[in-house]
Every structure is written in C-alpha cells, then in structure tokens.
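Protein chains: 4
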Amino acid sequence: MSEPSPPGLFDGILARGAVREAVSDGAWVQAMLDVEGALARAQARAGLLAAEDAQAITRACDLAVFDVAALGREAAETGNPVPPLVRALSAAVAHPAGGRVHWGATSQDVLDTATMLVATRALGWLLKDLLAAADAAAGLAEVHRGSLMAGRTLLQQALPITFGLKAAGWLSGLDDAAARLEEVRRYRLAAQLGGAAGTLASLGAHGPAVLDYLAEELGLAAPRIPWHTVRTRTAELACALGEAAGALGKPGRDITLLAQTEIGEVREGVASRGGSSTLPQKHNPIAAVSAVACAMRAPGLVATLLSCMLHEHERAAGAWHAEWRPLSELLMAVGSAGAWMRDCLEHLEVDPRRMRANLDRTGGLLLAERVATALAPALGRLLAQEVVAAACTEAAATRRQLGEVLKTRREVLAHVTAADVDELLDPTGYLGSAAAFVDRALEAHAARPRKG
Amino acid sequence: MSEPSPPGLFDGILARGAVREAVSDGAWVQAMLDVEGALARAQARAGLLAAEDAQAITRACDLAVFDVAALGREAAETGNPVPPLVRALSAAVAHPAGGRVHWGATSQDVLDTATMLVATRALGWLLKDLLAAADAAAGLAEVHRGSLMAGRTLLQQALPITFGLKAAGWLSGLDDAAARLEEVRRYRLAAQLGGAAGTLASLGAHGPAVLDYLAEELGLAAPRIPWHTVRTRTAELACALGEAAGALGKPGRDITLLAQTEIGEVREGVASRGGSSTLPQKHNPIAAVSAVACAMRAPGLVATLLSCMLHEHERAAGAWHAEWRPLSELLMAVGSAGAWMRDCLEHLEVDPRRMRANLDRTGGLLLAERVATALAPALGRLLAQEVVAAACTEAAATRRQLGEVLKTRREVLAHVTAADVDELLDPTGYLGSAAAFVDRALEAHAARPRKG
Amino acid sequence: MSEPSPPGLFDGILARGAVREAVSDGAWVQAMLDVEGALARAQARAGLLAAEDAQAITRACDLAVFDVAALGREAAETGNPVPPLVRALSAAVAHPAGGRVHWGATSQDVLDTATMLVATRALGWLLKDLLAAADAAAGLAEVHRGSLMAGRTLLQQALPITFGLKAAGWLSGLDDAAARLEEVRRYRLAAQLGGAAGTLASLGAHGPAVLDYLAEELGLAAPRIPWHTVRTRTAELACALGEAAGALGKPGRDITLLAQTEIGEVREGVASRGGSSTLPQKHNPIAAVSAVACAMRAPGLVATLLSCMLHEHERAAGAWHAEWRPLSELLMAVGSAGAWMRDCLEHLEVDPRRMRANLDRTGGLLLAERVATALAPALGRLLAQEVVAAACTEAAATRRQLGEVLKTRREVLAHVTAADVDELLDPTGYLGSAAAFVDRALEAHAARPRKG
Amino acid sequence: MSEPSPPGLFDGILARGAVREAVSDGAWVQAMLDVEGALARAQARAGLLAAEDAQAITRACDLAVFDVAALGREAAETGNPVPPLVRALSAAVAHPAGGRVHWGATSQDVLDTATMLVATRALGWLLKDLLAAADAAAGLAEVHRGSLMAGRTLLQQALPITFGLKAAGWLSGLDDAAARLEEVRRYRLAAQLGGAAGTLASLGAHGPAVLDYLAEELGLAAPRIPWHTVRTRTAELACALGEAAGALGKPGRDITLLAQTEIGEVREGVASRGGSSTLPQKHNPIAAVSAVACAMRAPGLVATLLSCMLHEHERAAGAWHAEWRPLSELLMAVGSAGAWMRDCLEHLEVDPRRMRANLDRTGGLLLAERVATALAPALGRLLAQEVVAAACTEAAATRRQLGEVLKTRREVLAHVTAADVDELLDPTGYLGSAAAFVDRALEAHAARPRKG
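Protein chains in written order, with my numbering: chain A, 1 to 452; chain B, 1001 to 1452; chain C, 2001 to 2452; chain D, 3001 to 3452.
The set of hints was computed from the structure by calculation and includes no laboratory data. The reader is advised that the hints may include incorrect statements.
Unchecked claim - The list that follows gives simulated cross-link-like pairs (lysine to aspartate or glutamate, DMTMM-like), each with its CA atoms no further than 25 Å apart: (1) B:LYS1128 x A:GLU77; (2) C:LYS2128 x D:GLU3077; (3) A:LYS128 x B:GLU1077; (4) D:LYS3128 x D:GLU3217.
Since the structure is predicted, the reported quantities are computational estimates derived from the model, not experimental observations.
Please construct the entire structure, taking both the sequences and the accompanying hints into account.
In structure tokens:
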C-alpha cells in the first residue's frame, strides 16, 4: 500500500521529479493520518486525553495498514474520504483510545490540514529544484557576463546584450518565485481546526489551545481563527505556484527560441534525450519544451482555485470539493516544471561564437540606436533617429554594412568622424549597465537565506 | 496490465462513473495501439502494405502485453510516449511486418488520433449519463407540471412558478449540452495523420487516401487537411465539455439551495448517502454538491486548452504537451458531474406541500405583480406599481396578508372588487405559460434523435 | 449621444476595427431600445396592444434622446440599467402607450435579448474580417503552393514543406472558426422573454406567441423555453469566440516567428507601421503581435463566462451581472484579433528565396527521414534510422553535406546508388501530399456558403 | 481632456467607486507623463541633464494638453501609445530640452512603470474601501459576539454558531487580503527602466543610478535588475487582487444566502436601493449581488495575466500587450467589489430574533452532536453517534422535539439524566470557542498597522 506508485503514461513529462510522489494518494492518506495523530497529541497536551491514548492513536496512523482504494470507494457515500478513514483508524486503535480518534474535529479539519501538509512537503521538493535551477542560472550569468549576443524585442534583433544579462533575468524571476513560495510556506500554510461549524464546540474552552498545539505538532502556522471557509490561504498557495510556473516557463520559452535551427545559440546537453521518432537529425530541447508545457497548465488551475473562494456559510456546497484535485495538479505541474528547468539549466550548452555570429549578421544595424544617440545632442533626438533610420534602410536595401553607408552621409560626418562611426558600431562598447545588472542579480541571489 | 485500475482517493467523488476508466492510462495506450493497427490496415487498403502484415500488426496491438509504467518512464527521453510504444510494438510483431509499424506517421499523429478515440469513447459514457439525467429531468417536469412553488430571483421570492417549469429549464440545458457534444463527437473528432511535418512525405501520393482510410477504420471523421497545429477540434471538444459542465452544475446548485434546512423542498433520495461524520441529524445532498464541485473544475481546464491553441509552426514547443492532461481531467470532471447528476435526478424526492407552504409564507406578496398588472390599464404601469408597492410595505410592516391591506385601499377598490383581489392573489391562476413551456421543452426532448 | 465614441488609449491595438463601436455603450442602449420596440410590436401582433401604441413605442426608441451616463448612474440603484431606461422610455412615449412600455417583461429579458443583438451585430463585423483573413490565407496558399520552406517541429527544422501548406493550415483554422461562429449566430442567439420568473404570467396564454414574434421581429432564434438561467447560449457564444481567437492567434504566432531577424521569411507589408521608438533599424510585425495579444485575452474571458453558468433559481445573485462586461471584452478582443489578422495576411510579404536559403542551410539533414525511409525496406525501420542518424551526426560534426557522408557509408551504398542519394536529398521531390492538402483546403474554403 | 469621464452603462454596478477613475485613460496618460518627468529629474540627479531641462520637461507633463483619442489612434502604428506621447511631449517642451525627453528609455519602460503607478494609485482607493469593509465586519463581530444563529454546512443547518463568529471569519479574510495587497504595493510595485534591450546602453555607466533615482522620484520600489520580461511583479499584483476578490465575494455570497426570503436573517439597509422593475414587494440585496458579480470576474483575468508571463527574449511578441487591459479590468472589478462590500457591511441590518427562530426551527436537532459527544465516553464515539442519529430520525419522522425522543431512550438515560438532556440541548451552552475566536480576529485586526 505504501510503496511508491508507478509513473503514469504522461508522468515522465508532466509529473517529473519528486513532487509526483509527494501528491500521490498515499501521500494524501499519510497526511490525513498525521493530522489525526497530531490532533490526539494536541489534546493530550491540553489535558483532554491521556498521553498513552494519544500514543496509541499515533502508533495506529501507519499508511501501510490502510486500503486507499477502499477509502476512495467509500468516500462517495459521505462526500469525502475522511469518514471511512476515521472508521478504519478507530478500528485499528486498541480500545478505549479508538473512541477518541478524530475527537472534536470535522472532516474538513482533517482534509484542510492534510492539504497544507501535502503542500508543505511538495513545496520542499519544488523549492529544492527551483533553487538548483536558480543556482544554475546564476552560474550561467557569471560565466557569460561578457558573452555578447543580440537582444531581441518582438523577436527582432534590437541591441547587443550579453547572455549573462539574459540569464540574470531568468535568475531574478526564479529568486522572486522562490522567495514568495517560501513566504507562503512559512506563514500561510496553517493548521485548520474548527469542528462541525467552526466553534470547536465539543472541546469546551480548550479550542484555541488545541488548535495552537495541533499546528505546532505538525510544523504548520497557527491561524488566529478557523479558516475553513476563508480561502485566502489556498489562494495564496495557488498564486505563488502560478507565479513560479511563469518564472520557470520564461527561460523555457527563451531556450526553445535560442535552440532554433537557424539561431543555434544554445543546445540541451543531455545526450540521450531529444531524438525524434522519425527524424534522425533532430535534437529537440525536450527539457525546455516540457517546462513550458507544465508551466502552461498553471494559470487555468489557479483560476479554478480562485473561483472556489466563495464558500457558502460554514462549509461550501461544492467549492470545497472542487479544490482538491486542482491543487494536486498544480503542485505536480509546477513541481514538474521545476524539475525540468533545473535539468535544462544545469546541462545547457551555450555557443558564444554562434551568438556573436548572429549578432554580426545584421552588419551593424543593431548599433543604430547608439549612432542616433550620439547624433542627438547635435540634431535633436527625433531628427537623429530619422537620419539613422534612412541609413539603415539604405544599408539593408543595398546589402552594405551600416558603417559604410553612414560614412557617406554628410549630416553624419558633420558631427562625428569616420573613426567615431567605427567605435560607435562596436557592440562590445555598447553594453551599458549589463554587467552591473548581472552583479546586482547575483548579489541578491547570494544574499538569499539558505538552510544549513 | 489491462485490468481496471483501482479508484484513487478522491475518485469516488471527482471521477465517478465509467469515464474514469475511459481516460485511464490503459485506455490511452489501447487507443494508441488502435491507431497503429488502423494505420497498418489503412496502408494495406491503399496498397502500401501486404494485408497479412497489417493483420500481424493489428494482432500485436494488445494492451495486455505492454508495460504502461515503462512507457511512462521512457517517454521522458523523447518528450512523448509514442516512440517507446512503437519500439515495443515493433518488437512484438513478427518480422518483417515489425519494420512497417508506424510507417509514415509521427508521434503526434498517433497521440492526436488516440486523443480523439479516447474522447469519443469517454463521450459515449458521458452522453449516456447526460441523457439519463435529461430523461429524469423530463420525468420531473412531467410529473410536477402543476406543482406550485415560489420562483426566486436574486434568491428572493418573486412570483409563483411550478417545479415542472424549473425542471424543464434544467432539461433544456441538458439537451442543449448533449446536442452539442453529439455534434462535436460526430463531425469534429477526426483522425490526424501528417507525418513529420504535415506532408505525409514518405507516403508519396497516397497520403490523402491513407488518411481517409485511417479515419474510416477508427470511426472518426476525416479531416480535409492535417490539423496537428490547427487546434479548432480540441477547442470545440473542450468547449462542448465546458458547456455540459455548466448545464450539469445549474441543477446541482438549485438542488443544494432547495434542500436547505429552511427551504426543504427537495431531498436526495439515496438513503445510504449523505450522513455527516459528526452530525447525526444531517442529510447532505452529496450528489448535487459533487456535481457542482465537478462542474466548477471545467472552466479553468477549458481556458488552458484554449490558451494552448497557438501552436508554433508544424509542432508546438510546449502547447501540444500541455493539452494531454487537462483534456483527460476535463473528460473526467464532466463525466463525473454527469454521473452524479443522473443519480441525483433519478432519485430526487420532491415535496410539493413544502413548496406550497413556502409560497404561502409571504401572505400574497408574490402576487403583487399581478395586482399591479391588473391595475395598470386604469392607473398606468408605473403608478400601479407604486400603489401596490405601498400596500406590500404596509402588509410586511403590520404582518398582515396583502389581500387584507389591498381591500382597505380606495385607489384599488375604485378599479377592482374585493373578490377580484382574492382571485388575483390566487397563485394557481397566475402561472402564465409555465405549462406551455414545459410542453415545448418535453416535445423538444422527445424529438431528439435516439439510437437503436 | 449617438455619435461614435472616440477610441480609448489602447483601443487602436486592443479594440481595432468595427467591433469596438459594436459593443460600445451606445450600441448596448440601442439594442435595449430595439428590444423594447420589438416587444411592443410582438404584443400588437398577438392582439395585446393596439398597433398605433406599438408604433408610438417604437418611434420613441431612439438612442439620441437617452443619456447613457445617467442610465449608468441610476443603474446602481436597481442593479441593472433597464429600470431607468424603461422609466425614460415611458416618459418619452405619448400617453397612453407609455404605460405599456416593457409590458410583461423583466429587466433580464431586455438585457439578455439585447446581449444577443449586440452579439449578432458584432459577429457580423467579426465574420467579415475573419472571412477576409481566410480569403487572404487562401490566396497565399494558392500562390505559394510550390514555395519550398523548412517545416519546423519544436522549433527545429524537420522536413521540407511548402509555404502554401502552412497557409492552408491557417485557412482551415479560420474556416472552422467562421463556420462555428455562423452556426452559433444563426441557431443559438435567441430572444429571451420570461417575465419576472419565467412564466410570462402577465401575458396570460399569449406568452409563447409573443416570445416567437419577438424573436422574429429582431431576427433572432426563438427558444423553446425561456433561457434566463440556462446559459448554454452564452456559453456557446463565448466558446465560439474563444475558438476564433485561437484560430487567429496561430498564424499570428507563426508570422512573428517567420519574421525573426534570423529567419526573415515574411515581413509585414504596411510601410508606415512597425517602427520602433528607439531603434531606427527595426520593422516590427505589429499586426501579428497585436493579433496574438488580442487572442491571448480570450481564454480567461471564456472561463469567466463558463464559470457564470451556475445561475441560482430564476435569476442569479451575481453570476448574471458578471457576464456583461466579459462578453463585451471578448467580442472586442476577438474582433480586434480578426481586424489585425486580416490586415496582416492581406499585406504579408513572403520571401521564397529566403525560405529556400534557410532550408538549404542544413546541408540535406532535413531529408534524412527520406533516406531512412528508402533504406527501411532493406534494413528495417529502426536500423535504417540508426544508420542515417549516425551519418547526420558525422555531417554535423564535420560540417559536411549529408549527401557526401552518406556516400561514404557501405551499409548505404549496399542498397542505393550515389545518384539515388542525390535524388533522395532533393527537397522538391519529397513534399508528399502537400499540394493535395492545399487543394482540399482551398476546395473546402470555396465551397463554404457566401451571402449575396 | 483631464475632466473625469462619465460612467459607462454598466459602471455603476461593475466599476463602482474611485477605482474607475483611477484606471481611466486619463489616469494612464497622466501616469506615463509622470514617468517621463521623473525620468528627466532622475537623469538630472545623475548629472546627465541640466536641472532646468528636467524642470522644463516636468512642467510640460500636464495631462490637459494631450489628446487621448489621438494617442489611441496613433498607437496602432507602433504597437503602443508611448511613441506618439513622446512626440507630443517633445513638441510641448521648449527647445533644447525637448530633444532630451524619454532619453535612454524604451516604450516598455514608460508603460511598465506607468502600470505600476496606476496600480499603486488604484490600490490606494481599493485599500481604503477594503479596510472600511473590514472595520465594518469587525463592528458586526463585536456587536453580534453573542447573537446565536445556525451554522450551516453544505447549506444544511449543522450546529449553533454566533453571527459574530461569521463576521469575524469575513474580517479575517478581508484582513488577509489587505495585508497582501499592502505588501505587494510596498515591495513589488517597482519602476522599470532598461532601454531598448535591458542594458540602458545609452546611459553609459549611469544606468543603475538613474533607475534607482527614477524609483525614488515616483515612490516605487527599485528593482535589482530590469524586469521587462520577468513578470513576477505583475503576477503578484494580479494574484493579490484575485485573493482580494475572493475575500470580498465570500461575505457577498453569505449575505445573499442570509437575505433569502425564507431565511431573512440580514437585509441590506440602503432604503433607496433594491427595488425590482416588476415586483413591488422585492428588496434585492444589490450590494452583495454586485460584489459577488465583480468578484467572479477576477479569476479569469488573473489567469490571463499569469498566462502572459512567458515573454519572449527582451520584449514579448504579444504577451506584453495582452496584459494592459486585463490589469485595468482587474483593478476595476476588485475595486468595485470593495466599494460594494464596504457599502453592504456598513449598512447591513441584522435580525438576531430571526436567527434564533431559524435555529429553533429544527427542535434541537442541531445539538445532536453535543449529545453524542456527551454519550461517547460511555458508549464510544461511533455507537454514541448511531444512538443519537436514530433519535434524530425518529424526531424528524414524528415531528417531535429531539429532547422528548431522547428522554424515551433507555440507552441514553442509562448515562445522562433528563435534566442533562435539556442542558445539552440548550444552544447557548454549546458555542465552544466562538467568542475566543472572535476576540483573536478582532485583536489581529486592531493590531494591523494604520497610517496617520
């Protein structure tokens, strides 16, 4: 029962990495059992239960003795899997403690708290991959601080940048997403305990104490008030995952574009991967493609979870049940995106010569802005742009280098020398703050808190 | 390998009915094998393959001999599960036909066509439940054609209607959804065959013929052109499922509202179901709640599938892979909603006495519009409404019946008699076209094409 | 009041074309007035109203005399703009017909029917652009039936195709979307009339007749039963728009990719457009980019409209109001995508020489599949692929043409001659059914019904 | 030009409050002008521009002299409204400073930074309403700390709670949402400045300094690196708004349910509002309905903004443009929800007698859990539940009070006295920690930081 489930048909691609197991049915049942055990211990600490009864209940909370499929089948009778689990657990505990299983709790307490446990565990794996991906991006930013390439806007070559700057941008997105996920994990994943309608009526005056102990036992945050129908916590969890998906998908999309046959500036470095079933010459960027695919699944799932926030009264008539599967799917999709992007960035092969070659292909056109900027003090910004644009048009039409054309223009040479033109058109001299921004991103990454 | 998989922990609620198995990994692999077999037979019909080779391939397409988990693992190497399947299938076929497995096809051909097969089979089950739910709604409309109840707008009692009219509304939505799903199933679920880039290059001039035969072998529509990156078909499938979700969720929401303790006009009739884990007195409308929950999952999944339509060039770099799981999830969610709503409507217990009691609770206020309408020819519509509104306010403030108050008003009695007032306030006489609309909905339902 | 509103700040890009005006506030008010007028005429046809009263009401339904901003302000008091409109219209009609304005109808009847009118008019404009875009795609498919280019899968060059085939794919998507929109427009955009709770109580036995006449007066479909809380019609409208967005976005994405500086196979042909504010050399594909942007807005709006389907009882407590703006936004976004894509395709400059040059850049690697296919009968498919893949690797590593390498391989020359190799590597001979598929798409396009 | 625009037809409902004006076209243009002015001053502080030139530019940044509709029209030529704005602004500044307008910046810098300004201003208004709504909820929680009512799960009466506890739940959600929005507003709304490709090439080594000064001038956060294609900031903004929508919609849904004719426990207190166009007796909860409607719009818009995160390279080919309108719509929808919910809660009329009457209607059934809990030590939890459930069934079937039935049962009286039964069934004694949770929520609300 407790052995890891085999991967599903699409799981190698869409549920890659440790997160798949972390959101498996077994993981959910274990989390529910952990809640029941912790609840007993919390009540023991509050003096509501004998310590040995709490221990007996805790001992019985062993996934291996429960039949997940049977729970699934019986769940339909009550609308959730907790009642059959409580029955089975009560039976598994020696009397009299068996009668104290689930004391004061309602199904949603167990399932909501288990959700937070599943999430905190899955986030542990996701954060590991996300940070490894960020480290890899940092490595690329460092190494390629000076690797010139074309910056591209609206998919048109625009101005020289460095590959280091591009990687630093990826890094900043991954760091943002990790920071937000860690924040949510630490402060917003909370235990839930309210009993049948949120009053913890059957615990008398001990409710808040038991709630706080429960949170402590499970390593979750303690809420100020039961949150069974106030879904800001699931919303923030979903949203942080949605943000991470986007931060992971961005480098994925860039890499698929950089790996295009005609661009060829990067290549995925895992040799065994990326062959085509029919085209022997192909080397597909499987990791980047898969990361994009996983990332694309997130927004719809986040929307579902947000649209589930309007819970009716003290337990929603549908909106609660509708959360369970999308949350698992979302953790799995983003976890998978993280595993792929880590793999992708850790093995990315970068070709700076090809980058430079692509940059040079446009014969200086990319430095047009710089020439315009240099002429602007004399001509005004708008006229300078017009003059340079005309030269660009002529260079493109006559297939000459921009420098050549500029040197034929009187309105240019009136203000700069031919040597100036050559210098202006040298891309290595027109990188502005690229290196400074790389440094700032690397410093922020280095300064982020690490465990151990 | 081919035995049905046990239900998952939440499947009893969120993947109810036959659709779960119809979108299982086993069903997907079987569909892919069906495509490979049909492709061989199509090529045989086109004269490209010996009939016995096609038969040999077809015979080998037996789910029982394939290891789904292994396919899942290997899928990660090439980015989809078709290459390992083709390898395994080729090995399973006796030489020389083994070398002709998957001839001329690319992975996406097999997976896209398998998607359509999985969908057409899953829709078969879904439509069965959807039509049974519609039949049950038709039965309720028929039986309760005259069962008076309060019509409620913005959750306020508004005007008398019949429960039959309400059920006829549900029926019309279910019939609309079924009609659209059947249309999509028949005309839009098509075979896909294009080869590596959509030209079927390796089939020479035989491409269109093989494509048409393939569609015929599988009982799918034949497309005029390969649609691997033109996703209008998956979009229409997703949308028809999204529409069905809404049509199934609407009665679900109504039933949760009608079953409220304070309303009590309907009750789910499956005795074994709906107990609470902690509240012995409760009888929860599990089926309606679950149908709502399943329906709420659909819009986000539809959005994901629509946002995947912008495939790049001849095979998308992520947007294709991102479709697989949402489509399975969507079929499962809507299939489950259908199974629940069928169950719910087939066993719904209706309490016409409680309906009438709730209607009478407001002391005639619901007929206020009628009185205003009767006075309008004499007073004008706006003044008539004001007069009646004032009487309503007085009746509410003094806790008297509206009729009593109206009979004290001179501006009323100037135009109608006291007996007129009594008649105007009798709800059975103010149902307008309710019965006629029930008949029109029932006729339309009866006229819909049925198989067999 | 009735003059066209000036474009908003982003409207030139995100609300391009005639659809913007078609969903303006003025258009909405006009549609509501059209409904009130048609309702009066329908009642006259049913004998419920004098013909001259209906004419008086119809005459008063003139947008120019209503103050839209005032209606907007007063709408907040009753939760929708119909009550203030009815008050203003009643006042504008000469007594006694003024008292018969809006007779038997409720606010939702007017607003729902007006929604359908707004939609049918907006779809008229959208379909015009969509069909013009399809015609332009057909023209490109026709002209470039033989223009060789690289087919690209996962953004890697895969196999030769023609630009005609690519355009035929775009065409088939646009035709699908147009067909679905026309179907929805004709059969699913229906009048709504139910009165306060769906019974048309104040019309006595005349309800169905008035409903049918109303539909006829407005050129809308007649529903079998009021659909105020059965939202399958808005769902189908939204979904057809979502499908159209995807069909329009697909060529948009392809064109942004084909226009990349390093690819340069197409270029947008409107000379005045696409300059950069800072980069004089750039020529941005503004139309394609804008079409993609507009298309990307659709899925979220469709999801909102689908998630609004669970209306409560006889009038939803929020889900109805939540539909109004998303539907306008969706019509505007897709309308704008249509206007941009028409413009884009009608002026697209195609560079077949650049296409061929890009294709030749890979030194024959793209024909690898063909060589493998040719060797497969002798070697078996899998071995043939391995042999060719090895040659591809060597060619890439040594920067030689694939043909050269193949001719050095004994296992190749054992089965084909050197001349065969040259022929196999000629892309013009390996286009399979590309031309046939182009023809099929063009025939289907030509066969679609046209008006006039 | 700068006068407030009149409300649109649906704005009274869907764009209520100050946020509408805060996201108007005028507000957007003003924000863009503010950026251009601040950029000039930042460059002056960095020594790149004469102080008087910066002042001249700042002075010219006056919304009143710009023609928004003209900018909208010209925006289509370049794909965004910044180039025409820069042209107009340059012309409006006296030479020579005119040539220094927009120096070093690209369109996206101005538009992204303006987006953050628009957002920070709109959030100011939204937070004001959100906090007023929270204060009102706190007031209700305080006043109704002891107002007994039925807790309802799955819309069935479950256990007694207090209205104070329900309001405290609303409060905690509103406080969560406000805290998150304030966090995003303070730390994540940042200036953007990168120049054409993110290097600030034309500013030489002064890039980071100018960026930091720009942020300071505008009161925005300073990013460590340009974020033009790293959209974690827009994602967090969108998500915080989505969370707020859910937190606002939850009380809205509860209030529509509590205001049902048959429940009648609350009523919206604005007398002028909520009449029906046809039903004189109705009093619709317009504010709650409208808040729900606005809240329902958010999830789809959040999904759109998340799905726009995969920007290509250094400027997205569509995904950037696709953000503009959804962000405005989202600010407007959530702002409107906030304005409605503030209004709703500040004027909510609560009827504690009706609450108590509804609670008593079930004859003690709601205390069934308590009796079961009292019997559990003696009978065990499961058996105790069975015994009580049987008594509930009998009480319901025979229409007797639960207490009466329990006192006839031997297995009950074996463990508790008849007086115990009466005490157990008194709801005022079974509220558990309701008051304690109210206090905790109020303390947390009181402790939140306030300005001034």
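Now for the hints, and whether the structure bears them out:
A hinted pair counts as satisfied when its Cα atoms are at most 25 Å apart, and LYS1128 of chain B with GLU77 of chain A qualifies at roughly 23 Å. For the given pair, LYS2128 of chain C sits about 23 Å from GLU3077 of chain D by alpha-carbon distance, which is consistent with the 25 Å threshold. Distance check on the hinted pair: LYS128 of chain A and GLU1077 of chain B sit about 23 Å apart at the alpha-carbon level, within 25 Å; holds. Between the alpha carbons of LYS3128 of chain D and GLU3217 of chain D the distance comes to roughly 24 Å, so the proposed pair stays at or under 25 Å and holds.
Consistency with the previously given hints is maintained throughout, with no hint failing.
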